[in-house]
Amino acid sequence: MSFGDPNPNNPYGQQPGQQPQGQPPQGQPGYGYPQQAPQGVPPQGQPGYGYPQQQPGVPPQGQPGYGYPQQAPGTLQANSGYINIPTLGTVEVASMGRRLGARCIDAVVIGVLYGILSAIGLASALGLAKSTDDCGSNLDPGYQSCVNDASVSIIATMFGVLALFILITLLYEWLLISLIGATLGKKALGLKVVKENTGMAPGLGAGFIRWIIPIVGAFLCYIGAILTYLSPFFDNSGKLQGWHDRAAGTLVIKQ
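Residue 46 in UniProt numbering sits at position 46 of the sequence shown, with consecutive numbering throughout.
By construction, these hints were calculated from the structure, which means they are not laboratory data. Don't take every hint at face value.
To be verified - Simulated pairs of lysine-lysine, DSS-like, Cα-Cα distance not exceeding 25 Å:
#, residue 1, residue 2
1, 239, 192
2, 187, 254
3, 254, 195
4, 239, 195
5, 254, 239
6, 239, 187
7, 192, 254
Can you build the whole structure from these sequences, using the hints too?
As structure tokens, then:
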């Protein structure tokens, strides 16, 4: 009876079914073979349970991402005269020199219109005054009535001219600012009135508020209107908003 290897051709000298020396048994890790990571540690390239995952399109915490707003609308940039407005981005606030220059140009335009209308009204009044010559002698029974009618016509003509002037200034200032954001004077100096929260033209409502405040102030010997137009000098926010701009929520910027 021999205790040797039953299979003399087996180079390892081991029983059948036994793993060769130096090779790990099947199902068990051996030296030099990739080991599985300990429990709780995710394999490389795969996220593990309980680990925070980054959502697509969301920047990491504390880091700004591309396309994300970095500055709130309506904020000034270090009081440098620039402001961030929605749909417009960073724009320059109009200086008071330009604004007063634009106001002077508008005053010339309105003054020319007023001169034309005044000339028409004066000519009409003179024509009505001459018509009193047809009333006859002051001894005539109907003379006083004829003169009174002519006087009423002259007063009505002058008030009509004044009403037409107010209407023209209303249409000039209110409609141009409301619809396109600029009068002829502002267009000439590259200025525009916009809504602070949208960057768009003020619209009829805000444009009317912005127009009516100086008009109401003009009834106080025009002192109120002058103070309104100079009120941006008193604005400590850096936006150079006048009282009429604050009430209407508007800004004057450079185009």
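Worksheet item: Of the hints given before, which are not true for this structure?
Response: none
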